[in-house]
Each structure stands twice: as C-alpha cells, then as structure tokens.
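Same order as they appear, the protein sequences are chains A and B.
What the first sequence shows, in full-length UniProt numbering, is residues 1 to 448, in sequence order.
What the second sequence shows, in full-length UniProt numbering, is residues 1 to 448, in sequence order.
Mixed in with the good hints there might be a few duds.
Treat identical chains as interchangeable: a pair holds within one or across any two.
To be verified - The calculated DSSO-like cross-link candidates involving lysine-lysine, where the alpha carbons are at most 30 Å apart (straight line), are:
| id | residue 1 | residue 2 |
| --- | --- | --- |
| 1 | 45 | 157 |
| 2 | 367 | 442 |
| 3 | 403 | 367 |
| 4 | 362 | 223 |
| 5 | 289 | 305 |
| 6 | 403 | 223 |
| 7 | 83 | 109 |
To be clear, the hints were calculated from the coordinates, so they are not data collected in a lab.
All values derive from a computational prediction rather than experimental measurement.
Protein chains: 2
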Amino acid sequence: MSVTNADPTSAAEAAKLAALTLATLPVHDRNDALDIIHDELIAAKDDILAANARDMELARVAAAGGSLSQSLVSRLDLARPGKFEDMLKGIRDVRNLEDPVGQVTLRTKLDDGLELERVTCPIGVLLIIFEARPEVIANIASLAVKSGNAAILKGGKESTESFVAISTAISAALEKSKVPNGAIQLVTTRDVIPQLLALDRYIDLVIPRGSNELVRYIKSSTKIPVLGHADGICAAYLAESANADLATRVIVDSKTNYVAACNSLETLLVHKSTLDTVLPKVAAALVAKGVTLKCDPASKEALLKLGGDVASKVEDAQPADYDTEFLALTLAVKTVESVDDAILHIHLHGSHHTDTILTEEKEEAEKFMSAVDSAGVYWNASSRFADGMRYGFGTEVGISTNKIHSRGPVGLEGLMIYKYKLRGTGQISTNFGSGEGQREYKHEKLPL
Amino acid sequence: MSVTNADPTSAAEAAKLAALTLATLPVHDRNDALDIIHDELIAAKDDILAANARDMELARVAAAGGSLSQSLVSRLDLARPGKFEDMLKGIRDVRNLEDPVGQVTLRTKLDDGLELERVTCPIGVLLIIFEARPEVIANIASLAVKSGNAAILKGGKESTESFVAISTAISAALEKSKVPNGAIQLVTTRDVIPQLLALDRYIDLVIPRGSNELVRYIKSSTKIPVLGHADGICAAYLAESANADLATRVIVDSKTNYVAACNSLETLLVHKSTLDTVLPKVAAALVAKGVTLKCDPASKEALLKLGGDVASKVEDAQPADYDTEFLALTLAVKTVESVDDAILHIHLHGSHHTDTILTEEKEEAEKFMSAVDSAGVYWNASSRFADGMRYGFGTEVGISTNKIHSRGPVGLEGLMIYKYKLRGTGQISTNFGSGEGQREYKHEKLPL
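Whole structure, please, built from the sequences with the hints as guidance.
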C-alpha cells in the first residue's frame, strides 16, 4: 500500500498492475493481511485518535461558522464510544467471511476432454470515494483485500488527518503481508476526483460513500460503472385493509427511526377508504413525533377535520414534494384510488430503493411486491430493514439502486465477477457442427 | 407492440409503463406470445423475404459503389438457405427455456414472522441497437418477452424494409397476446440514436449488436450501462512445453476459422525457447492459410531463417499492432521471456475477451487462467469456442467484456436482476439491537 501524492494516473496504473498479483493470492495470504491490519490499527489507536481530534477541531469550527453540517461533524468522530472497536470488529468480520474468490458456479462438459467452468473472480480495480466517516477506509480496504480487488481510496478533506493516520497504519501492515505494494492506493492530493473519474482504462468500478450530492455528481461525471444510490425516495402504501396499529407502528418507525437514512420513508400513499379510518391514527402518531405532513387536497381535508396538533402540522403538498428525499421530519402524503395507482405512483416517482405495503390481504401484497420495481419490496415491515447488517450479509459495501450487477444492500459478492475457464486437449471449433464428420456438443452439466 | 415514428422520449415512456405489466405476466402468457410470434412470422414469410430482397438490392448497389462492405451485405440476406428457419428455431428455443423470472436465490429468516427472499426479476427497459442482421429483431424481441423486459428496438438503415416487415408481423402477433402494447417499441425514425442514448431516466440497459465502431460510439455516448464488447483482441501464448501439433491446430483454428469474429486470434505470444522449435511449424501452417505475420525482431529473425513462403509473409510489427483487432488474415507475433511476461502483456494490451495458453504443464496453465483477467481463459482449446451456443446457453444476447453484471457469452440470465422481498408481521427496526429489551436478528438460512 502506498499513501501517494502522485498523480491519479500513476496511482491507477500501479493499482491495475498490483491487481494482477492480488487476484491470484491464496485466501490465507489475504486473511493474514487482514489480521496484520487489525493489529496495526490497535497499535496506532492513540495516533489515530489524536489525528481525528485535529480533524474534529477544524470541523467544529466550520460547523460553528455554518459551513459544515452538524451531522457531518458527528460522522467524523472516531472517539465516540464503540466506534473504534466497531471498525476493528468490521475487519475481523470480513476476515472470517467465506472466500468469495474461485467459487465454481457452473460446470459443463462441452465434449470429452473439453470442460467449461465458471469461476468467481475479483472485478479488478475499485475507486472508493468517501466523505466524512474515516473508519470507512478500514472497512473498504478490508473488503478489497478479502475480495482480491485492488482499490484506490480518496477521502474527503474534512477527514484528512484521520485518513492519513489510519492509512499509515494500514500501509505499515501491508508492508508485512503478501499483498503487493500498490494494491491499495491512498490518494491524498486534493481536487483530483475529476481526474480519477476519467480513468476508465484502469478503474473498473466506482463506489461513492457520502452525501446524495457527491453520489449524484459522480454518477453524472464518469463512464465507469458506479455502485450506489443517489436518492432514497421510499414510499409506503396504506391499503384499504391495513391494520391500524400495525400500520402506525411500521410507518412511524420507517419515517422517524433515523430521518437522515436513505431507507427512511419520504412518501405515504393512502387508499381513499383509509382517509377517515386508519390515516388519522397514523397521522396523529407521526405528528406526535414532530413530523410535518405535506398533503394532497383529499388527505388534507381529512386531517384538518381532526383539528388540534395534527391539523397544525398539515401543509399543502407541491408536485415536487413527491420527488423529494426530505431526510427530515417531513412526509409527503397522497391519496390513491387503488393498489395499481400506488404502484404506478412509485413507478413514476420512486428511486427503486425500498417500498412497503401495509395490508392484511396477501394477494394484494404479493401483487405489490411483484410489480414494484425496487431493490426492496416489503409487506408489513419497516423500510429501515434495508441494510446489509440487518439482512445478514456482514459488512456492507453500500446500498445500490442500480438495475444491473448488484441491487439493494451489497455485500462482498457485489465486488465479484466471474470468468469462464475452458480446459481442452487441443479441440478446435471447425470439428464441431452438424456437417459430415463433425461432432455435436455434449453440453452435459457436471456437478459443482 | 407498436411500430413508431413518434419521438424517442414517447417510445421510452411507453416502454417503461408497459414494463410494469410485463414484469408481472405469468410465464404461460409470455410463452403464448412467443408461439404467436413464431406463427405470424411463418405466415408473413413471403412479405418479409420480399422486403428483404428490396433491402438487398439497395445494399448490392451500395456495395458495388464501395460504400458498404460485402460482409454487411451477406449478413443482411434473410433468403440464404436455413436463415429464416434458424430465426424461427431461435424463437422456439427461447420459448422452451426455463422461466428466468421469479427464481428464489436466497431465503433468510430475520426473525419469527420476518422472512427475506431474493427473487430474480427483469431489469426493466432494454434498448437494442443493431445494424444489418434483420433476424436479430426477432431474437431479441423473443428474449425480451421471455425475460419480462420491455424493449426499444432500433435497426440500421440498411435493413429498414426487412425490419419493418418483421416488426409488423411481431406487432400483429402481440396484439393477439397478453403482452401489453408498448412493451416492444420499434423505432424506425432515422438519426435518433443520440436521443435514445440520453434517456437514462427510462432505459436501464443498452445492448448494441453491430460493428466495433457502433459499439465504441455507443459506449462513449451514454450514461446507461452498455452490455457488449467493442474490441476482441484475443491472444494465445505458446509456452515452452507446448505440443507442436496441438498448438498448431489450435492456433490455426483460432486465427483462420472466421477472421471477422470477435473471438478470433489477433496476437501470438511465443516463449523464446519455441522460436526455433514449435514456432516454425505454427508459422508455416498459418502462412499456408494466407496469414501475414507481424513480428518482433526475435521472432522475425527465427522465421526469416526458414526462407520460402513463410519468410515472404513476415513483416515488422509496429507497437500499435499489439493493440489492434485486425479482423483479417494478419497476426501480431511477440517473443516473451516467461508466462509472467505473457500474462503482463495481455493485462496491458488485451481487451478482456478470450485468451488461450498452449502448454503441457498443468500448473502453468492454471496460473495463466487464474491471473489473466479475461471473460474467457482457455487451456489448449481454440478461442473460437467463446460463444453462447457453444457454451450451451441457447440463444445468446451477445458477448460482454464488461467487468460487472455479465461477462463472456450472455444468455437470458444477463437480462435479469433481482429484488429483495421482505414479508413481515409489523416488525420495526427499533425493536432490534443489543440494547435492553431489544431482539437479536436470527439470520437463519432457509431452504430455497
């Protein structure tokens, strides 16, 4: 590993070259490297926390001056109880995952002595761009090493000191390991993101971890595939048969458990028959948690009838509200005629992240889950479950709203692709076919 | 299905809307549609061949004038023996494939009454852009219907008449089926490719079928993921222990079986020890087939010693020759010191398509196949086997050199993604965790 101030092209060239060796390294060498990283981070804990304190000092000043958000400051803080230990545990968890490299997923005998095998392998070179959370470096470096991918890491300026301290420790660790120099490139030079995004010749996948603005900028600025999500405009549909208590509990959790999360609820679609039955109860519980409701005329009319606190939190929805990720205690509410209407609304306004139906009708739920084209489609469960840890994947790379490769919470397998190995004994294509003297392919499935 | 001269945006909007219904259509409805397409094409055979004859007439004139290649004219011809029947058989084959939609690939019990399921589903809306081969419309329309994807089809101007005739038949067939209007959009307007490529809001995947120039143009002109390959710069490495007869047979087939194919050989890497042993035999066989050899100094010197026909076909290689897809009876030859050298050359100059090692040493072969980062890595077998039919996948969508999603010959599964369905009974995220009164996730694997 090298902490580099070299130009991005040299870093990417070095990563591509190192990827060659890394891809063939046996799993025990990759695991050993992770053990050494773990121990070096423990040894460097004081240095890292001191560096993080310097970042925090600057960030607090910036936040006081209004140029940095308080939530970013909080994400930056490595000294919060348990944060450093979580980072170490993440490395251990990744180390203990099954080796994702070299898994055979298909075997076919094309003919005698001619066998085809599909085998998982690393994608190649990853570019990871992240903002404030410095522990992400350790997580992602671990995932890259485990999966046999080279990685170029670019941190945000707010976490520079922490980033350099952590990466110095990782660098020292990798020097003692079999992982080749250059497999993990840490770019500390400023303002090089546009240059990195142009290096599609060397970089195979970009993984941004940060604000919507960062992800949206990256997605629109590169030809390299980007794994991630810009928006999380999650909707819940309150169906005619929804159980009032269950729906209230799920909707309140989806909206208020952590408003800044991408899997939080932003739109509530309500069947017209619930306007005077279930919706009032849901609305009262949301308002009690401080939620403002941006309503269409029908839902507004129903809720104003309730008067009191609820009525005071009702506002008129603007069309743009149904395309907005509020990330705040604000919820857009819209009345629909049917489950088909709800599905259509999500099709046109959703972000393919996670959408939920609240209903007691199994058939309606299955229709919703089958038709809604999102990474997560839920029935009577909080949208907040959309998360790699909660799904049981271990450390997560991120959540993807892409339509290809990897979707939803992405674990280690999102960093893998496959290759076809064909082992022959001198076969040539001319000898196969349906002509005279030609052979037919056997295409016999072999056990994995 | 509609044959449309409407603007590309309307076509894409209609496709996205139709995708909603198509995604939930049971397999028997999708299969029925394929049966009807099959029968309508038979009924319309005379009309289609008459239309194709008009395209052919114009193409022959263009070819005579030098503005169209002869190979393009030949690809256009639907009246060649067996071509129309192959198209029909392709539809039948796709119809008989297993339903790719709704396959459960993961099931996890997160807690009692809270079950996670990963289910295959269509990607959404495909944009298929193809040049001369009009039967591709029928193939791709079948694959789209079978996989539950909506598709926008844009043909090349050379095949316009054939394209309209085939699509009129498909359109009539789909009118009689359950597949929604708009699920297959046929755009016949000219010069709309740039507009289509900008519609990343509606289109999820572009599949170009045509020349390298077309694919390269598309890859560099859109933010939508592109499934395919621009270049096929395939290499073979003649190792120290290569068997002369076997190597000669495989290399000659790889280079000369069909020079215009993407899986044909373009670069021959030779171990220095073979210069005066195996290489002369390989070179003589290649030259006998009319191949010109562009050699580095060491291989040139060895081959000039042979004199005669071989010497007369040896030329000096220029650096650019090792990055060139000749698609002709020309082969670049380079001497290397070791298998590592060969791997490095391919890493720096290859196109991640298909590369072959000729060796009798199993360990060396396995190292090559493990380290070379290509969709196909072969040992003692012709690169020409890189093909979906030959791999036993049935009809192929194309060959991909992408590093994510789908690689190598792409069958129906390249048109699929998955979604996570979560069926709950009112669970909320706040109740889970390691705090007091909180529950731990069970993360219990369930049988598929």
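Tested hints:
1. Taking the shortest alpha-carbon separations for residue 45 and residue 157, only the intra-copy value of 21 Å comes in at or below 30 Å, while the best inter-copy value is 66 Å.
2. In this homomeric assembly, residue 367 and residue 442 come within 30 Å of each other (Cα to Cα) only across copies, at 27 Å, whereas the closest approach inside a single copy is 41 Å.
3. When the C-alpha separation of residue 403 and residue 367 is checked against a cutoff of 30 Å, the pair qualifies only within one copy, where the shortest distance is 20 Å, while the shortest distance between copies is 34 Å.
4. For the identical chains of this complex, residue 362 and residue 223 are neighbours neither inside a copy (42 Å) nor across copies (39 Å), given an alpha-carbon limit of 30 Å.
5. Proximity of residue 289 and residue 305 under a CA criterion of 30 Å is satisfied intra-copy only: 20 Å inside one chain copy versus 88 Å between copies.
6. In the homo-oligomer, the alpha carbons of residue 403 and residue 223 lie at most 30 Å apart both inside one protomer (16 Å) and across protomers (13 Å), since each shortest distance falls under that limit.
7. In this assembly of identical chains, residue 83 and residue 109 lie within 30 Å of each other by CA distance solely across copies; the values are 28 Å between and 51 Å within a copy.
The structure shown violates just one earlier hint, number 4.
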